[in-house]
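S.K.: Starting from the given sequences, assemble the full structure and let the hints guide the process.
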Amino acid sequence: MASLEQAVRKMLTEASSLNSLDDSAITHGYRLFGQTLPAVTFELEQTVDESLAQDVRSVVVRASYIAATTKDAADALSNLRNAFAPATHEGIAFSAVVQGGHTIEETVATDGDEQSPAILNYTCTLYYEE
Amino acid sequence: MGVNPTTTSTISFGGAPIGGLANITFALNRTPIDITELGNTFKKYLPGQSDGTATVEVFYDQAAHTAIEAALNAATASSAVVYTAHSGATFAFTAIVNDMSFSSPVNDVVKATITLQVISAVTIA
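These protein sequences, in sequence, are chains Z and L. Its first residue numbered 1, the first sequence is counted upward by one per residue in the numbering used here. Its first residue numbered 1, the second sequence is counted upward by one per residue in the numbering used here.
Derived from the structure by calculation, the hints contain no laboratory data. One should not assume that every hint holds.
[To be verified] For lysine to aspartate or glutamate, the following DMTMM-like pairs were computed, each having C-alpha atoms within a straight-line distance of at most 20 Å: (1) L:LYS111 to Z:GLU90; (2) L:LYS111 to Z:GLU50; (3) L:LYS111 to Z:ASP49; (4) Z:LYS10 to Z:GLU90; (5) L:LYS111 to Z:ASP55.
[As the list claims (entries may be wrong)] Which bits of chain Z does chain L cover? Going by a derived footprint, with three or more residues having C-beta under 8 Å, they are: (6) 8 to 16; (7) 94 to 100.
[To be verified] Far from chain L by the CB rule (all over 12 Å, computed), these chain Z residues: (8) GLY29; (9) TYR30; (10) LEU32; (11) SER58; (12) ARG62; (13) ALA68; (14) LYS71; (15) ASP72; (16) ILE104; (17) ALA109; (18) ASP111; (19) SER116; (20) THR125.
Using N, Cα and C, we set each Cβ at its ideal position, and we do this for glycine too.
M.R.: Listed below in structure tokens is the structure:
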């Protein structure tokens, strides 16, 4: 059976709201070296057993949409939110998505012409059954 | 003495397990009858009638909880309930559905709380 991380990645790669991103732009953990922007990374926190029979579980997802400008990051909020939707991926049935909050880390100019990207950080809770 | 995790706790209603269980509270009690006389130092009691309720909190899914809703609507219907506290420890009784309340708070999932009123002797096995 596929891991929960694989299932969440599948959810994001198959989301129509993120179909402008290459498959390789959506990664667990860290952005691949040299990956062009925009890109999405995500991490999962510890899963929680929500039901007595352990058939319902939840996990908090921390996703980041990394873009070249603050405006691009801000504009991506609804697309990133909509990417998390109840469906079955890799044999794991996601039954509910509880939307969380978001923050935007603005671009920061550094020495020379370098500029760090803007990052939209978004959190949600997924309820699922394996 | 054993310690038992709640992962094996279940409760069935009308022969079918109640799905999406988040919590089960089962309470049995017997109301004492006060027979204290004047001059008694300590109060005196006799055992009175027994009563019981089971309160079940579930992740509400209408497709999975239709039997309970139907029993609540049918005022005279009663169903067999079996509460399994842990493997090999069961409480079996007949119950009616006293109430069912729903909650939809912000930033959470839909839950329902069902109260089952015991209307028979409880078989403990």
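S.K.: For each hint given before, does the structure comply? Return the numbers of the non-compliant ones in rising order.
M.R.: 1, 6, 11 and 20
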